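Start from the sequences and build out the full structure, keeping to the hints where you can.
Here the sequence shown stands for residues 1 to 687, numbered as in the numbering used here.
In short, the hints are calculated from the structure, not lab data. Heads up, a few of these hints could be off.
What the hints assert, rightly or not - Dumping the calculated SDA-like pairs for lysine to any residue here, alpha-carbon to alpha-carbon at most 25 Å:
#: 1; residue 1: 214; residue 2: 273
#: 2; residue 1: 140; residue 2: 672
#: 3; residue 1: 396; residue 2: 268
#: 4; residue 1: 547; residue 2: 86
#: 5; residue 1: 581; residue 2: 34
#: 6; residue 1: 139; residue 2: 86
#: 7; residue 1: 221; residue 2: 676
#: 8; residue 1: 246; residue 2: 401
#: 9; residue 1: 565; residue 2: 481
#: 10; residue 1: 184; residue 2: 336
#: 11; residue 1: 666; residue 2: 581
#: 12; residue 1: 600; residue 2: 615
#: 13; residue 1: 468; residue 2: 486
#: 14; residue 1: 383; residue 2: 481
#: 15; residue 1: 360; residue 2: 299
#: 16; residue 1: 234; residue 2: 338
#: 17; residue 1: 195; residue 2: 170
#: 18; residue 1: 140; residue 2: 557
#: 19; residue 1: 286; residue 2: 615
#: 20; residue 1: 171; residue 2: 195
#: 21; residue 1: 246; residue 2: 139
#: 22; residue 1: 600; residue 2: 634
#: 23; residue 1: 534; residue 2: 280
#: 24; residue 1: 205; residue 2: 336
As the list claims (entries may be wrong) - Ranges of calculated distance between the beta carbons of each label pair, as one might list FRET restraints:
#: 25; residue 1: 482; residue 2: 151; range: 25 to 33 Å
#: 26; residue 1: 684; residue 2: 648; range: 17 to 25 Å
#: 27; residue 1: 47; residue 2: 520; range: 28 to 36 Å
#: 28; residue 1: 457; residue 2: 414; range: 14 to 22 Å
#: 29; residue 1: 602; residue 2: 82; range: 18 to 26 Å
#: 30; residue 1: 432; residue 2: 263; range: 25 to 33 Å
#: 31; residue 1: 82; residue 2: 663; range: 48 to 56 Å
#: 32; residue 1: 137; residue 2: 444; range: 53 to 61 Å
None of these values were measured; they are calculated from a predicted model. Each residue gets a CB set at the ideal place from its N, CA and C atoms; glycine is no exception.
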Amino acid sequence: RICKVLKSELWRQVRLYQDWLKIFVERHDGGGSLRDFQKLAAQSTEFLWQRTRISLPRRERPAAGTTSVTVLGGVSVPRDVQQVLEKGPKYSYQPSATRSQLVALVRDVAGRVCEPDRERAIAEGVDCLLRTVSDKPQKKPPIKKIVKCLKEEGLAVVEADKEGGFVVMPKEMFNMKAQDAIQKNFKPSSALPKKQKSLAVRWLKQRNLKHLQKDVSKSAKDSLEVFFTGKTHKSECPLRVIVSEKGTWQDEVSSYLQRCLSKLHIQDPFLLRSSTDLVQDLAHFKLATAKTAFSFDVQDLFYSVPQSGLFDAVRETIENSGEVDFQNFAGLSTDQFLELLQFYLQSTFVCFNGSYYVQKNGICIGSSVAPVLCDIFLSSIDKRIHAKTRNSNVVKIYRYVDDYLVFLSVPDTSLDVAVAELTNTFLTESGGLEFTSELPQDNSIQFLDIKLSFTKDHLCWMYNPRTKKSLLPYDSAHSKLIKRGIAITCLNSALVKSCEHRLVTGFTNQISRLKDAQFPPSVITGVCESLLQKLKRGNKVQEPKEKLSTHVIPYVHRLSHNIKKIAARYSVRIVFSAPCKLARICPLMANKAATACSKKHATRYTECVSNVVYIIPLSCGRVYIGQTGRCFNDRAREHHSAVSSNMGGHLADHCKRCGCAPLFKKTTFPRRTSSRTERETIEAFMI
Numbered sequence: 001r002i003c004k005v006l007k008s009e010l011w012r013q014v015r016l017y018q019d020w021l022k023i024f025v026e027r028h029d030g031g032g033s034l035r036d037f038q039k040l041a042a043q044s045t046e047f048l049w050q051r052t053r054i055s056l057p058r059r060e061r062p063a064a065g066t067t068s069v070t071v072l073g074g075v076s077v078p079r080d081v082q083q084v085l086e087k088g089p090k091y092s093y094q095p096s097a098t099r100s101q102l103v104a105l106v107r108d109v110a111g112r113v114c115e116p117d118r119e120r121a122i123a124e125g126v127d128c129l130l131r132t133v134s135d136k137p138q139k140k141p142p143i144k145k146i147v148k149c150l151k152e153e154g155l156a157v158v159e160a161d162k163e164g165g166f167v168v169m170p171k172e173m174f175n176m177k178a179q180d181a182i183q184k185n186f187k188p189s190s191a192l193p194k195k196q197k198s199l200a201v202r203w204l205k206q207r208n209l210k211h212l213q214k215d216v217s218k219s220a221k222d223s224l225e226v227f228f229t230g231k232t233h234k235s236e237c238p239l240r241v242i243v244s245e246k247g248t249w250q251d252e253v254s255s256y257l258q259r260c261l262s263k264l265h266i267q268d269p270f271l272l273r274s275s276t277d278l279v280q281d282l283a284h285f286k287l288a289t290a291k292t293a294f295s296f297d298v299q300d301l302f303y304s305v306p307q308s309g310l311f312d313a314v315r316e317t318i319e320n321s322g323e324v325d326f327q328n329f330a331g332l333s334t335d336q337f338l339e340l341l342q343f344y345l346q347s348t349f350v351c352f353n354g355s356y357y358v359q360k361n362g363i364c365i366g367s368s369v370a371p372v373l374c375d376i377f378l379s380s381i382d383k384r385i386h387a388k389t390r391n392s393n394v395v396k397i398y399r400y401v402d403d404y405l406v407f408l409s410v411p412d413t414s415l416d417v418a419v420a421e422l423t424n425t426f427l428t429e430s431g432g433l434e435f436t437s438e439l440p441q442d443n444s445i446q447f448l449d450i451k452l453s454f455t456k457d458h459l460c461w462m463y464n465p466r467t468k469k470s471l472l473p474y475d476s477a478h479s480k481l482i483k484r485g486i487a488i489t490c491l492n493s494a495l496v497k498s499c500e501h502r503l504v505t506g507f508t509n510q511i512s513r514l515k516d517a518q519f520p521p522s523v524i525t526g527v528c529e530s531l532l533q534k535l536k537r538g539n540k541v542q543e544p545k546e547k548l549s550t551h552v553i554p555y556v557h558r559l560s561h562n563i564k565k566i567a568a569r570y571s572v573r574i575v576f577s578a579p580c581k582l583a584r585i586c587p588l589m590a591n592k593a594a595t596a597c598s599k600k601h602a603t604r605y606t607e608c609v610s611n612v613v614y615i616i617p618l619s620c621g622r623v624y625i626g627q628t629g630r631c632f633n634d635r636a637r638e639h640h641s642a643v644s645s646n647m648g649g650h651l652a653d654h655c656k657r658c659g660c661a662p663l664f665k666k667t668t669f670p671r672r673t674s675s676r677t678e679r680e681t682i683e684a685f686m687i
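Printed below as a string of structure tokens:
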């Protein structure tokens, strides 16, 4: 703060000197030598500053925050690779954007602008590129280099499940653990995924769900992709199976099911939406009679839900929420909706090592409909448990996903008996679920991000995330808005989610976490000042903001913020993404087979490629340049048809005038990109 005051005072003196210099020169020399004096003053100032800067002590750059890397199987990881992995999966590098990508970025943003102002927005964006983009070669992120090195060493990498960081193990060990994880929750399937998709299309057509039928027909994939995370909090680090529905017909069906189920009102006496609700109950003394507490955890909830009990719970929830309104929204009767839900759960095929599997029970982790289905099933269980524990020593029970927190009015000495009774109640009413319990240690227990401490007089609570995940390192290539938001969230949560007795400890712990992630003191101080001002102002009702057109661009230092300012002038909201995260290493390590072309071409001119810029040589020596997002064989067939029938088009017109013929089988593909704007930019440049 003192440096800012001194800097402001020095700049005031500089401006005063420049004003007097203008007056003196204009009065005596008519302004002819003003530029010479200003140049001399600038050079003298720079000379004095450089002499002073040399004498200043060199400030050491703090080391970047690191995350632990779990190494299994006694393998050795190259030191340079481990240093990169220690940054954590969320760490991002600056993307190395090409010139064509930057021009396409500007044109995509301008595409969100109203038509009359679009050309001006493009011109301003291109001017911004000329000012901010350097001609120096950009340093490429080391992600591909790391992947290549790990493959050469015969290693596999997965993300840690709850503790953050990466898990490195030999490839053979990974294959064994992955096979064990698949066999635990999945069973081989004899059904053919393509046939199942055909059955889905036919079923939807019979029920007159035309839009969903069309989306299912257009989907390219028939089975789900599977990936794994390491359970580092458990012994021997087993793997967790997670599926991805992206690009599959199952994704379309599950999204439809989710939209319908989200309209239901789930009545659950234990349901907790966030830890904020728990803190509010604590602050309002609703748990004042509680003497101790313990927690239950459902083992493998998603894969353990019995499907027969799930369908009964869904039907009951539909009836309680209003069956007629639900049927009008879904376009199906309740029986038809449950039939579609059952068909979906029997069709979540995963492909692993060339074989197809389907889950033994429950719902796959990663399915978009899994969370709401689990809430519906557990709500039916919670109602029965609530009825049996109403007149017992239970003060209150909370549930967040698969974690239960039970407050008891009995002293800590009688806890074992109460836990045994409640465990028996939970097992009896759970419909086959299994539970593990956690007892308080030193009169304290952790639930979500809150640590509860019981004393003789009162109950204390403190914001204390149990996860070992470190915060995002400050030198990550994320926007400063993101980093400042992380600091605000940590410090504000410590203030809001801690009682008056533990507030100082909780706040100090979050300061330490930010320092460990190498957040500068100036950022932490600035966030504290803004939080203090917010507390002084109080909670003011914010006026509703106008909904703006939103566009996502990758964060590139200097450039992205300038593009954001230009877009704001035309009422376009820009959101930054970080595309070069280290988490990309895990999917790149998997040897995924390329997606085969879904069409059987009558004439196959080249190998099936899509999203390309292509060059078709002509017999006259010239070439035809174009671009397509579809399979090139489809585009080549269209070109061939146009040339044969003289239907028009640039290629057909040229061949008609010249008398030449296109050589489709000798087509080359100089660039490949999924961005249509970038392909059009490259096409125009090459032409």
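Results for each hint:
1. 214 / 273: 35 Å, violated
2. 140 / 672: Holds - the C-alpha atoms of residue 672 and residue 140 are around 19 Å apart, at most 25 Å.
3. 396 / 268: The hint holds at about 13 Å.
4. 547 / 86: 40 Å, violated
5. 581 / 34: 52 Å, violated
6. 139 / 86: 20 Å, holds
7. 221 / 676: 22 Å, holds
8. 246 / 401: 24 Å, holds
9. 565 / 481: OK: residue 565 and residue 481 at ~14 Å, within 25 Å.
10. 184 / 336: 31 Å, violated
11. 666 / 581: Not satisfied, since the Cα-Cα distance of roughly 38 Å exceeds 25 Å.
12. 600 / 615: 23 Å, holds
13. 468 / 486: 16 Å, holds
14. 383 / 481: Between residue 383 and residue 481 the Cα gap is close to 44 Å, so the pair fails against 25 Å, i.e. violated.
15. 360 / 299: 15 Å, holds
16. 234 / 338: Violated - the C-alpha atoms of residue 338 and residue 234 are around 37 Å apart, more than 25 Å.
17. 195 / 170: 37 Å, violated
18. 140 / 557: Judged against 25 Å, a Cα distance of about 14 Å means the pair holds.
19. 286 / 615: 73 Å, violated
20. 171 / 195: Violated, because 34 Å separates the two Cα atoms, which is more than 25 Å.
21. 246 / 139: 31 Å, violated
22. 600 / 634: Holds, at roughly 10 Å.
23. 534 / 280: 20 Å, holds
24. 205 / 336: Holds. Residue 205 to residue 336 sits at ~13 Å (cutoff 25 Å).
25. 482 / 151: 25 to 33 Å: Taking Cβ atoms as reference, residue 482 and residue 151 lie about 31 Å apart, which means the hint holds.
26. 684 / 648: 17 to 25 Å: 21 Å, holds
27. 47 / 520: 28 to 36 Å: 30 Å, holds
28. 457 / 414: 14 to 22 Å: Holds, since residue 457 and residue 414 (Cβ atoms, about 19 Å apart) stay within the stated range.
29. 602 / 82: 18 to 26 Å: Between residue 602 and residue 82, where Cβ atoms are some 53 Å apart, the hint is violated.
30. 432 / 263: 25 to 33 Å: Once the Cβ atoms are compared, 28 Å apart, the range 25 to 33 Å for residue 263 and residue 432 holds.
31. 82 / 663: 48 to 56 Å: 51 Å, holds
32. 137 / 444: 53 to 61 Å: 55 Å, holds
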